[in-house]
Structures are given as C-alpha cells and as structure tokens.
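Chains A and B supply the protein sequences, listed in that same order. In terms of the numbering used here, the first sequence is residues 49 to 275. In terms of the numbering used here, the second sequence is residues -9 to 395.
Source of the hints: derived by calculation from the structure; they are not laboratory data. Computed from a predicted structure; not experimentally measured. For each residue, glycine too, the CB sits at the ideal point set by N, CA and C. Do not take every clue at face value.
Stated by the list, open to error - Below, a sample of chain B positions facing chain A; criterion: calculated Cβ distance under 8 Å:
1. A252
2. Y286
3. I298
4. L389
Stated by the list, open to error - Over 12 Å on every C-beta distance to chain A, these chain B residues come out as not near it, computed from the model:
5. S(-4)
6. T81
7. V104
8. H179
9. L192
10. V337
11. F347
12. D357
13. A365
So you can see what is in the structure, the chains are spelled out below.
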Amino acid sequence: MLYMITVNNLTKIYKLGKVETKALSSVTFDIEKGNIVGLMGKSGSGKTTLIRQMSLIDRPNDGSIIIDNIDVIGLSEGKRSKLRLNTLGYVFQEYALIPELTALENVYLPAMMLGANSTAYKQKAKELLTTVGLENEIFHLPKELSGGQQQRVAIARAMINNPKVIFADEPTANLDSISAKTVMETLQNMNKTTGVTIIFVSHDPDDKKYANQLIFLKDGKITEEYV
Amino acid sequence: MKYLRSLRVSIFLAVRSLWRGNKGITTLTITMLALIYINLLFLPSLIEGLGYKVSQQLIETLTSNVILTSSSSNSNISNVDELLNKVQSNTDVSGATPALRIGTQISKGDTSNVWSVDAIDPATYGDVFSTPNNMIEGTFLDKTDTDSIVLGVEIAGAGQTGLQGYAASLKNVHTGDIVTISLINGKTHDFTVKGIFKNDFLQSDQRAYISQDEASVLLPTTVNHATSIYVKSKGVNSDISLGDKLISEQPGIKYQTSDDLAGSVKDQLKTFDLINRILKIISLIVASITVFIVTYVDLINKRKQIGIERAIGIQSKAIIGNYLLKSIFFAALGIGIGILVFLYVLVPLVIQHPFKFPYGYVSLYIDQAAMIQNAIILAIVAFISSLVPAVQSVRIKILDAIWGI
Chain A
49 MLYMITVNNL TKIYKLGKVE TKALSSVTFD IEKGNIVGLM GKSGSGKTTL
99 IRQMSLIDRP NDGSIIIDNI DVIGLSEGKR SKLRLNTLGY VFQEYALIPE
149 LTALENVYLP AMMLGANSTA YKQKAKELLT TVGLENEIFH LPKELSGGQQ
199 QRVAIARAMI NNPKVIFADE PTANLDSISA KTVMETLQNM NKTTGVTIIF
249 VSHDPDDKKY ANQLIFLKDG KITEEYV
Chain B
-9 MKYLRSLRVS IFLAVRSLWR GNKGITTLTI TMLALIYINL LFLPSLIEGL
41 GYKVSQQLIE TLTSNVILTS SSSNSNISNV DELLNKVQSN TDVSGATPAL
91 RIGTQISKGD TSNVWSVDAI DPATYGDVFS TPNNMIEGTF LDKTDTDSIV
141 LGVEIAGAGQ TGLQGYAASL KNVHTGDIVT ISLINGKTHD FTVKGIFKND
191 FLQSDQRAYI SQDEASVLLP TTVNHATSIY VKSKGVNSDI SLGDKLISEQ
241 PGIKYQTSDD LAGSVKDQLK TFDLINRILK IISLIVASIT VFIVTYVDLI
291 NKRKQIGIER AIGIQSKAII GNYLLKSIFF AALGIGIGIL VFLYVLVPLV
341 IQHPFKFPYG YVSLYIDQAA MIQNAIILAI VAFISSLVPA VQSVRIKILD
391 AIWGI
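Required output: the full structure, derived from the provided sequences and hints.
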C-alpha cells in the first residue's frame, strides 16, 4: 500500500499557564495517495490541531508524521518552509489572500518563490483560475471578490506548485451553503483531475459525502464514528 | 540563485504593497521621514550659519584675516609705509590697512569708560573692513578730517537702550556731539562725532576711530608707526600660509590669524559646535524611534498576512526583504522631499526673513557634506528600524502570527 501520510502516536499538549490541555492523544492513522480525507468531529475535538501538525504549521509534543516518505518532525524551520512550498498546499478557514495582490498574483506568488518561469506560472495561474471558475476575475483584488470566490482563489493558489497534498482547514466555515458546495466540489474536481491528496477539516456531517476516507475525532482521540 | 528568487519576491511584494496599499500611511510615513530629515538639517544649519556669521563678523569688522604686529611687546611697527607696500604687493592679499592705538578712555560730560581708540587710514580701511558700510548716523572718516571721530554704537549708546553694552556706554551720544579722548601721551583732546557705526558685533562696536593724519598732529612721534597692520586675504591659501609668507624676510614682525584672536568668540563657536552635535544625536535618536514605531505598527497590523505568507512557503528572507525595500523607498523619498523643501522653501524663506541674533542677521548655512552625511545616517536608521521588527515578525510561530495565540 502506498501511503502519502503516516501519523503515528501523535500527541499535542497546549499549555495555558500552569494548565495543560491534551489536544491530541496518541493519534495514529495512514492516508493513501490520491485520497480525499475528511477530518470530522465536533468543535474542540482536535481536528484543527491535527491538520496544523500535519501541514507543518505547528509542531507536536510526541509521535511522528511521515509525508511522502519524509519524516517531517525533526526538520528545521527552513526545510519545513521548503516542504510547504514544494509539496503542500494550504486552504485556510478565513479568506487568507494577500490584499494588495490580484487573484492572479495571489495564485502565482508561491510559484514565483519556487523560481519557476514567469510566463509558465502566469499561464498556469490563469488556467487554475479558469478551472475554479474565476476566469473573469483574475485581475480583481480580494476585496472585490466574494467569500466563496476568495476560497476558490486560495484553492488555485494551493495547486500552483503541483502539491502532493492539500490541507483545507474548514474551508467552508464562513460561506453560505451554495458557495460552500462550490468550494467543496472544486476541491473534489482538483482531486479527480490531478490526483492530489486532499485533507479537509469539517464539523458538518453532510461533508462526509465529499470524502473517500474519514477520520473521526473526539477529545483528541480517533473514534469509529462521528459523535 | 536562492537569494535572487527571494529578492524577486521581495521586490514584487514591496512594489504591489506600495502601489495598492494604504496611500495614507505611505504618505504619512514619507512626510514624517521628510520632516525628520529637515529637522536633522535645520538646527545644525542655523547653528552653522550662526558660527559662520560670527567668524565673518570677526574677520570683517575686527581682526581681518592676518594681523601683523611688532614681535617685541610694548612696541609699535615702524616704517609702516614700506611694510604696507610689501604686503599690498603680495598676490594673495586683497587689502591691507594700518591702525595705531592712540587712546583708551572716552568721556562725554560726567560719563566715561575705557574703550579702544585707533588711528586709521580712511583711504585703505574700507579695503579690509566693512565698518564704513555700517554707519547708522553720519558718515565714516575721510583722510582730510580733523578733530573728527567715529564711534561704535556700543560706545555712543545713541539712545538705543536695547544694546548689549548700553549701561556702560555714553548713553545718548549722536553725530555732532563732542567727546573727549584721553590720549596715550596723557593729554586729552576733544573730537566731534562724525558718525556712529553698528556692526552688530559687540567687540567691534566698542571701537572708535580717528584719522591717521589727525593722530600725526596730536602724537607726532607716532608718524609712520602702527600698532597693527590688518591684512585681508583673497582666500586662495590658508591664513597661516599667508602669514608665514608675509613675515618672511621681515625681522621684528610677527603675525596672528583671526582664529588666534577669536578669544571668547572661539569659545562661543566651540559651544555652538557642541550644541550642534548634541542636537544631531537627539534628532537621530528621535528619528530612529519614530521610524521603528511606524514600521513596528505596520508589521503588527500585517502579522496575520506575514503568517499566511510563511504558511504558503514564502521564505523569511523574502518577507524581510519586502519590508527593507519599502523602508529604503520611504527613506529615499523622504530624504528627497526633505532636501527639496529645505533648499527651495526653507533656505529662501530664511534668506528673506533671517533670524536676528546679537551678531547680526543669520541665515541657514548649507553644508553639502552634512546633507549627504545626514541622508546616509537617516537611510541607515530607517533600514535598521525596519530590519529589527521584520526579523522579529518572521521569528514568531506561524500559528501565533495567523491566529494570535
């Protein structure tokens, strides 16, 4: 079996003064290449904490994470940054675009950092924006786009460097139901057309239908079913 | 290559941020830097101007550039005409004039005080000193004048109660009044005040002059003698080299420069220089704190954006570079505007409405080297003031930056 991500005995403890809160407790699972994985659970279950550890935005207290055969726990911040740029894509819960860049510029910024050919990455950014249905908004600034459109720009940005995994942390949390559906379908299409592994966080049981692998969390531990 | 990529992204982000970012903050930052630069230039230029004015007054109304005197104390220069001809024939000399101390006390009625009274050659005095052009009453001496004297305003008083030395002056002497001089031979002589001059320089306004021809009648033994010969330089060489040249092959003559005779004025110039340095340091500290605060507030406001940039893989170097490039842009534009405002608004304004000091009217003295030095210092301050918070902002955890936990 080819695993894109292997998580083993992952533990994360937050300290607030003298109080320690165990957000993740010995979490272990595997994710196959090309899967769409839903991290499901109620508020406070630890799903956001888990995706932050896997996407290299935070460091766990214990356990291991292997992404595409690389043990990422011991990597320096510089190497983690490179891995985020080359291998991972990220869609935030909020509309996390750079306000001074157009939709097109927001999308090709990570490719520029990678040192790609400018004509090629601009062309690819346009194609990605067309794929997410924003071919007429490429020169719009984020403030000129709706929440759903901004999330689709973020998805296009996450795809620009041909990532192996996209992490989406509650990408539809701030959207109306129609926009939410469009965003989830866009992620699904990306998975189908490129084979990119997608891991999304949701507290909405209805989002189960977009995933072909589900991981349920409760109180920082994996459970069998959404509770 | 890695650095070039980061630089490319830095330039891209900086240009977009300047072009599409908050214009109000950009304008405010540039204006603030321009004002800081003007502040760095203004007071030092004024103090430089004051120092320049004091030096100018000293040379033009009191000491000239080089003063020739007898090398033996208590004796005058003899054969003045011969020495004067030699001095005037020197190509570095613009003018030379002799002066003979003939008295030390001036009185009018019951009021008297000790002041210097010199016999001068009215024909050449104006070649060296500007005093003949600074008459506020009457006219300066002519070669043919007899029993005439010109007084400095600090001696005459002239009813000007605001004078620095009014209390010690003759209070209310005007042109046409008679004053009595105690001569060096112990006799006294009455003179009619022909004119009163005001150089706006205390030391030179406490002088009185009669003509050389008049002195030769009153003190026949002093004919062709002088206490000093004042020499005005063309400014080609230093005063010291001119002095050296003038006394070579002149036994019994020594020279001093205006700098040697500056006395208390020299101390004042040193004090001005010290004040100038202190003000410059304070201005730079204020400048660096202000630039730091503006950059820091800007970075705090963009903390989340920096977190997102880092999360999507933008290198820290590129993020820091973005803020450094912006700070260089702000500094360059602020300094540029500051220079334009200073040179084309402030300086002409101060020339039209100069500041009144006890030494006269003072304008801003522009020192190009100081302008360049201040510009470089401000650019470095701006650079460091944005580097520190920028580095701090990429060191915090991405989580803390984005979600503020």
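Evaluated hints:
1. The beta carbon of B/A252 is not positioned within 8 Å of any beta carbon in chain A (closest approach about 59 Å), and the interface hint is therefore violated.
2. With a least beta-carbon distance of about 19 Å to chain A, the hint placing B/Y286 at the interface is violated under the 8 Å criterion.
3. A hinted interface residue such as B/I298 counts as satisfied when its beta carbon comes closer than 8 Å to some beta carbon of chain A; here the least separation is about 5 Å, so the hint holds.
4. The beta carbon of B/L389 is positioned within 8 Å of a beta carbon in chain A (closest approach about 5 Å), and the interface hint is therefore held.
5. A beta-carbon of chain A comes within 12 Å of the beta-carbon of B/S(-4); the shortest separation is about 8 Å.
6. At roughly 67 Å, the least C-beta separation between B/T81 and chain A is larger than 12 Å, which holds for a residue marked as non-interface.
7. No Cβ of chain A comes within 12 Å of the Cβ of B/V104; the nearest lies about 76 Å off, and the non-interface call holds.
8. In this structure B/H179 is separated from chain A by more than 12 Å, as the shortest Cβ-Cβ distance comes to about 87 Å.
9. A cut-off of 12 Å between C-beta atoms confirms that B/L192 is not in contact with chain A; the least separation is 62 Å.
10. The Cβ of B/V337 lies farther than 12 Å from every Cβ of chain A, with a closest approach of about 38 Å, so its non-interface assignment holds.
11. B/F347, annotated as away from the interface, keeps every beta carbon of chain A farther than 12 Å; the closest lies near 51 Å.
12. Even its closest Cβ contact with chain A, about 40 Å, leaves B/D357 beyond 12 Å, as expected for a residue assigned away from the interface.
13. Distance check on B/A365: its Cβ is at least 29 Å (rounded) from any Cβ of chain A, clearing the 12 Å threshold; non-interface status holds.
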